[in-house]
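Single-letter residue listing:
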Amino acid sequence: MTEVTYLEAIRQGLWEEMERDERVFLLGEDIGAYGGAFKVTEGFLKQFGDDRVIDTPISETAIVGAAAGAAHMGLRPVCEMQFMDFLSCAYSMLTNYVATARYRAGGLPTPLVIRGPVGGYVRGGPFHSQMPEAAYLHTPGLKIVCPATARDAKGLIKSAIRDEDPVLFFEHKYLYRRVRESLPEQEEILTPLGEARCAREGTDMCIITWSAMVFHALEAAEQLEREDGLSVEVLDLRTLLPMDDAAIDRTVKKTNRVLIAHEDTRTGGVAGEITARINERCFEYLDAPVRRVAALDVPLPFAPPLEDYVLPQTADLVRASRWLAAY
Amino acid sequence: MTEVTYLEAIRQGLWEEMERDERVFLLGEDIGAYGGAFKVTEGFLKQFGDDRVIDTPISETAIVGAAAGAAHMGLRPVCEMQFMDFLSCAYSMLTNYVATARYRAGGLPTPLVIRGPVGGYVRGGPFHSQMPEAAYLHTPGLKIVCPATARDAKGLIKSAIRDEDPVLFFEHKYLYRRVRESLPEQEEILTPLGEARCAREGTDMCIITWSAMVFHALEAAEQLEREDGLSVEVLDLRTLLPMDDAAIDRTVKKTNRVLIAHEDTRTGGVAGEITARINERCFEYLDAPVRRVAALDVPLPFAPPLEDYVLPQTADLVRASRWLAAY
Amino acid sequence: MRPNPEESQPALPAGLSPEGAHALYYFMRLTRSLEERLVNLYRQTKVIGGLFRSLGQEADAVGSAFALDRTKGDILAPLIRNLGSMLVQGATPLEVLRQYMAKAESPTRGRELNIHFNDLERGFLGQISHLGDMVPVMAGVTLSFRIRREPRVGMVYVGDGATSTGAFHEGMNFAAVQKLPLVVIVENNGYAYSTPLYRQTAVSALVAKAAGYGVAGVQADGNDVLAVYEVTRAAVERARSGGGVTLVELLTYRRTGHAEHDNQSYVPKEERTRWEANDPLDRYRDRLVANGWATEQQIQALDDRVLEEIATAVATCESEPMPEAESALGGVYANPSRLSPEWYRILDD
Amino acid sequence: MRPNPEESQPALPAGLSPEGAHALYYFMRLTRSLEERLVNLYRQTKVIGGLFRSLGQEADAVGSAFALDRTKGDILAPLIRNLGSMLVQGATPLEVLRQYMAKAESPTRGRELNIHFNDLERGFLGQISHLGDMVPVMAGVTLSFRIRREPRVGMVYVGDGATSTGAFHEGMNFAAVQKLPLVVIVENNGYAYSTPLYRQTAVSALVAKAAGYGVAGVQADGNDVLAVYEVTRAAVERARSGGGVTLVELLTYRRTGHAEHDNQSYVPKEERTRWEANDPLDRYRDRLVANGWATEQQIQALDDRVLEEIATAVATCESEPMPEAESALGGVYANPSRLSPEWYRILDD
Ligand SMILES: Cc1ncc(C[n+]2csc(CCOP(=O)(O)OP(=O)(O)O)c2C)c(N)n1
Ligand SMILES: Cc1ncc(C[n+]2csc(CCOP(=O)(O)OP(=O)(O)O)c2C)c(N)n1
Ligand SMILES: [Mg+2]
Ligand SMILES: [Mg+2]
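Protein chains in written order, with this note's numbering: chain A, 1 to 327; chain B, 328 to 654; chain C, 655 to 1003; chain D, 1004 to 1352.
Simulated from the structure, these hints should not be mistaken for lab results.
One or more hints might be untrue.
[To be verified] Straight-line Cα separation of at most 30 Å, BS3-like style, residue types lysine-lysine; simulated pairs:
# : chain 1 : residue 1 : chain 2 : residue 2
1 : C       : K923      : C       : K833
2 : B       : K580      : A       : K253
3 : D       : K1272     : A       : K39
4 : B       : K366      : C       : K833
5 : A       : K254      : B       : K366
6 : C       : K833      : A       : K39
[Said to hold, decoys possible] To give a feel for the contact side, a few chain C residues facing chain A, derived at Cβ under 10 Å:
#  : residue
7  : A731
8  : L748
9  : F771
10 : G780
11 : P790
12 : A821
13 : F828
14 : G984
15 : N989
Note that CB positions come from ideal geometry on N, CA and C, so glycine has one too.
All chains, full assembly: derive it from the sequences and hints.
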C-alpha cells in the first residue's frame, strides 16, 4: 500500500490500461511533451510513443469526432479536455454523433472516454470551474462518471476505458492533489460503472451527492453527529448516467429524509432528475420534502468571496440538514 | 379578426417588430430569397432589404456570435436556426459567451432572439425532431420560450424581440400549419415572458406542460372529463426560463395531483426541475407523487411506429392521469 | 497508360479496366434510375420524410468512390447526395428503398432515414444531418489506419455549404497536421439549399481552401466521370503512399431543388438549362460509344439490368412491414442493464 | 510620407506623429513594467489565479492597437497577451490590477479575471476563455458598423493555436463573405501552451490561411513595432474604405511559459536565447535614439512616468477590499423580477 493522490490514481489507471491493451490511445491538447495541463499524462509520450499519445490542435470537435472514428474501427481512444469547460465546443459532435451512433447505426460501436478536470473552489472564474454534468445528463447513449476518491478515480477510469460505450469522466480538479489514499499495489482495482457507494452509514437522513461535494457531505455529517446527535448517511453516486436507482431507493427508504447536494447551479441541475425519480418511486417513504443544496443560479464568479458565496459550502449542508431533521 | 396559422402569427410578429424598430434585423441560413426552410420570413428580404435580412453561411456559431456582437452595439438581432437541432453547433458560444455577457462583463447588453423549429411527430428522424429545452435550462442568463398557440406565438415573439436579454424561441414545427386561430387585427399582442397560461380550468388534478404537448393535454383532459368525470386543469408554461413558480404553486395547491408532460426524453428533461420545485414549495399539498410523461430515453427514431411509440401520446397522458386520480 | 486493346480506341484512364468503364456507367445509371423510382414512390407518399436527389451529380459521386480500392478496406463517408458512392461501395437498392420507406428490415431498422446507414465491412460510414461532422470522424477513421500501419484510405464528402462549418475546419486541420490518408471531396454544386456560393464563401473556387490547411488541392469537372475518377485516384494514391490529405473540388450542379419540396424559385432559368445540357450520364454514354468502349447494345443491357434490379427491389420492399413499435427500445448501450436509462421507461401503472 | 521635421532624421511611418512614436514606447514600457509588477504581486500571492505574460510580444499588441483610430470609435477584442492593446485603448493599470487582484472596484466587480473586461466607449471588448469565440463576435460588432453605415473598424486578435478552432473559421468566413471592416491579427508566437506551430497546423505561415477565406493577407515582424503599426494601419484603412477583412500575421515569440506556473521545459534553450536578443522594447528604444526620434532623457522620463503610474495604482489597489459576498447576485438578467432564476436561491429555512 502506498499513498497516492487522486491525480496519481487516474494516471495509474490510464497507464495500466495502456499497458494492458494496445488499442488504448490518448489524444488531447498538450498531453504529450508537456504531460497535460495538470500533468496527468506526464511520462506517457516517452513510454508509449507518439502514435498512442497524440498532441492535437485546439479543436475539441475534432478531438471528439476523431476519437469516434477511431473507436468505430476498434481502437479505444481516451480524450483529454484541458478543462471540461471546453467540452462545450464539442457539444454537437458528442450529443448528436457520438451518443447516438450505436442506436441509430445498427449497433455501431463507439467506445471512447473523454476525461478532464471539472469543478470550482479554485478561483478559476466562470470558464475554468464548470461542473457541467447536467448539460450531458439528458443525452441517452452517454455515461457520466464523477469519482470522489482516489480508489474510485482509478477503478472507474479503468472501467470506463473497458466500457463498450462513450463515457464522460469528470475529474474534480480541487481533489487532484488534495485527496491522498493508500491503494493496494498488487490488486487490480476495477469499479463498475453505474454503482453508487455508501460513503457513510446513517439512519436519520441521507445526503445524495458526488464528486468533491462528497467531502462536504461527510464533513457536514460529522458535524451533525457531533453537534446534533444526528445519524446522516452519505451516498456517493459515482456514476450519474446510468443512475443507480436501487441504491437511491435503499437510502431513501431507510432514512426517509433526503438532501441532494451538487456543485452545479440549482436550476436544471441533476438534483431535479433525482428528486423526480425519488418522488416517482419512494413518495410514500418521504417524511419531508427532498431538499436541494446547489450553486446559486449565476455564472461562477472569480473573486474568492463571490465564489465562496455562490458555491455550496459545508455550512449550507448543515443548515439544510437541520431543517430536514426538524421537519 | 382573421384566421391565422401559428406560423403566420410568428411571421406577423416579426414583421411588426421590424417595422416598429429599425434596430431589429434577421440573420440565418436561407432566410432571404428563399424565405426560410419553413417560409417564416417569406417576403422579408424584399420589404426590409439585405442589410436587415442576412443570408448567412452554414455557421451556427458565427450566427450566434455575430448576433451577440451586433447586440452589444445596440442592434436587435433575430437569428433563425433552420432546425433547432443545429443550435447544438453553437452551444459553446451561446452558453459561455452570450448567456454570461451581462453578468461577467459589467452589464454588457446582449439582447437577441434565436428562433426556429423544434419538435417531433413529423417523421423527421433523430436530427430534425429534437425538443432541446433541457439542454439550455441550466444556463443562467438565457430565457426559453415555447409557445403553443398562435396568439402566444405572436405575442411572445414580439416580447422576446423587445426583451433586454437573450431569448431562445422554440417554435413547434408540428403546429406551424396545424394551429389556426382568429387574431385581432387592430390590437397589438404582447405576451409577457415568464408568465404561464391556464389553458383549461380544473379541480381534480393538473397537467403542467408546454408547446405541442398542450394540445395532447387538452385532448386528454376532455377525454377524462367525458369518460371519467375528472376535472383536469392544464397549465401551459409558455416560458420555461424564467419559470412561473407562482402559477405552478397555484395549480398544485388547487388540484393536489400533478402530471408533468413533455416531449423531450425523461432523464434530464425539464420535468425533473419542475418536480423538484413543486416538492420544495408545495410538498404538503401533494396527494400523490408528481408523475412525468415524457419521451422514452432513446434518440428519436424515424419510422412512424417507432416515433409514435417513443413520443408521449394523448393515451399516455390519459393513463397516467387515471393512475394519479386513483392514487 | 495501359496498352490499348484496339488500335482505334483512345486509352482508358490509368487503373480503369474496360469492365470498370462499364461499371461506372452502371452505377451512374443505377443512381439515376433508383432516384427516379424514389420520386415516384415519394409522390405516392410511400417515401417517409424528404427526398434528396443527386440529379446531375451522379458522375461526381460514382467516379470518386470508384477510385477507392474495395479490396484494401478503404472507407468513405457520403453525403445525402452521394447515393452513387454508396452503391459503388456495395449498398443495395433494396437497402436504400427500405431506409426511405422506413421498413423493419432496413439497415437501421427504421431508426434513421434515407442513406444514413453504414457498413464498415463494405466500406461506408453513414453521415448524420449535422453538416461537417463526418470530416473529424473520418480523420479518426484514417488515424486508426495510420496507428495500425494499414495501407487503407478514407474519403469524406463535403458540400460547398458545409465548408463553412467549424467541424469541417477542425477536421481538415487535424487530418492535415497528422498527415492522414484522407481524401476530401468538396462537391461544389453551386448551392447550399438556396444559398449560392458567393454568399457561402468569398473564394471563387473552393480548392483555394487547400492552401490554408497546407494540403494538396485539385479541381476537376465533376460532370466528367473519367476526370473525377482520375483526379480522385491520384489523391487516393497520394494518401495511400503517405502523402497525406488532398482536397478535391468537383465542379458540378444541383439540378433539382434542395429536396423534392423545393421548387428552386431562386435559381435563374438559363443556369439550369445550361447544366441540363451538361448531363454527366449523357456525356459518358456518348463517350463510351464514340470511343468504342461500349456498344449501344451493351449500354442497353446495362439500362435494362438496372431497371430490373430496381423493380425487384421495389417489389420486395413494398410488401415488407414497418418495424414493431417496441423495437424502438434497446441498443442505446452495448449492455443494457437494469441501470440503463432505457429501462427507466414508462412506469408501471 | 509626412514632411520630415529635421533633415537628419529618417521619416516616421505615415500617420505616426512624433508624439505617437513616443506613445508607442510608453505603452510598450507600461505593458512590460506592469506585468513585471504583476509577477511580483503574483509571487506575493496577491494576484488571484494565473498570470499570463506578453514578454517579448509587446510590440505586436501595442503597434497594432495604435493603428486604430480612437476618435472614430474603432473597437478591438484582445487576447490574454494583449494587455498592451488594452492600455492603448485606454484601459488603466489600476483597472488591470484590480482585475488580477479580484477587487470590488474592478471593472467586472470581481466576477471575471485578468484582462477579461470591456468598455465599448473606449473601444475594447474583453475576451472569454473559449478560444476563437471573439472572431464571430467581432464579425457581429463590425456588421453593426456596416448596417449603420458607420466608418468604424474592428480588430480581433487570435493566437496561432486559436486558428484551429471552429469558431475562428466560422467567424472569418462570415466576415469575409459580408466584407466587414475587420482586421484579424494572428499572433504567431510559436506556441499554443506547449504545442509548437507544426503540431497546430500544416502550413508554415499562418498568413496562408487568408487565401482560403478570400481575404487580404499580410505578414510582418511582430517584434518591430513600426512594422506592426504600418501593416496594421494599411489593413485598418482597407477596412474603413470598404475593402473588407485583412488577416495580419505577426511573427513574434512567447518568451515566458504559457502562464507563470509553466517552466517551458518543452522549449529548446537556443530558441529562447535567440528571441531574447530580439527584444521589441530594446529594438525600438535603440531605434528611437539612433534616428533622433527621442533623446535618452525623454526615454528616461517615460520610463519614470510608467513606474510612478504603476506605483500609484498598486498603492491604491492594494488597500482596496474584495467584493462583498452578496454582490455575487444580481445582473444575470436586465430586469430581475420575482421570476428570475437568481431570485430562486437558497430557500428560507
Ligand atoms: C450544421 C447544420 N446546419 C444546417 C443544416 C441544414 N441543412 C441541411 S442541408 C443544407 C445545405 C447543404 O449544402 P451543401 O453543403 O452545399 O450540400 P448540398 O445540399 O448542396 O449537397 C443545410 C443548410 C445542417 N444539416 N447542419
Ligand atoms: C476552446 C478552447 N480550448 C482550449 C483552451 C485552453 N487553452 C487556453 S490558452 C491555450 C493555448 C492558446 O494558444 P494560442 O492561441 O497560440 O495563444 P497564445 O497563448 O500563444 O497567446 C489553450 C489550449 C481554451 N482556452 N479554449
Ligand atoms: Mg452544395
Ligand atoms: Mg500562440
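Tested hints:
Between K923(C) and K833(C), the direct Cα distance comes to roughly 43 Å. Violation of the 30 Å bound is thereby established for this hinted pair. The hinted pair formed by K580(B) and K253(A) meets the criterion: a straight-line CA distance of about 26 Å does not exceed 30 Å. Using a Cα cut-off of 30 Å, the hinted pair K1272(D) and K39(A) holds, with the two alpha carbons roughly 22 Å apart. Between K366(B) and K833(C), the direct Cα distance comes to roughly 43 Å. Violation of the 30 Å bound is thereby established for this hinted pair.
A distance of roughly 57 Å separates the Cα atoms of K254(A) and K366(B); the hinted pair therefore is violated under the 30 Å criterion. A hinted pair counts as satisfied when its Cα atoms are at most 30 Å apart, and K833(C) with K39(A) qualifies at roughly 27 Å. A least Cβ separation of about 9 Å between A731(C) and chain A falls short of the 10 Å threshold, and the interface hint therefore holds. Because the smallest distance between the Cβ of L748(C) and any Cβ of chain A comes to about 15 Å, over 10 Å, the interface hint for this residue is violated.
A hinted interface residue such as F771(C) counts as satisfied when its beta carbon comes closer than 10 Å to some beta carbon of chain A; here the least separation is about 7 Å, so the hint holds. Satisfaction of the interface hint for G780(C) is found here, the shortest Cβ-Cβ separation to chain A being roughly 6 Å, below the 10 Å cut-off. Given the 10 Å rule on beta carbons, the hint for P790(C) holds: about 3 Å separates it from the nearest Cβ of chain A. Restraint check, A821(C) versus chain A: the minimum CB separation of about 5 Å is within 10 Å; hint holds.
Here the hint on F828(C) is kept, as its CB sits about 4 Å from the closest CB of chain A, short of 10 Å. The interface hint given for G984(C) holds, since its Cβ lies 9 Å from the closest Cβ of chain A, which is under the 10 Å cut-off. Because the smallest distance between the Cβ of N989(C) and any Cβ of chain A comes to about 7 Å, under 10 Å, the interface hint for this residue holds.
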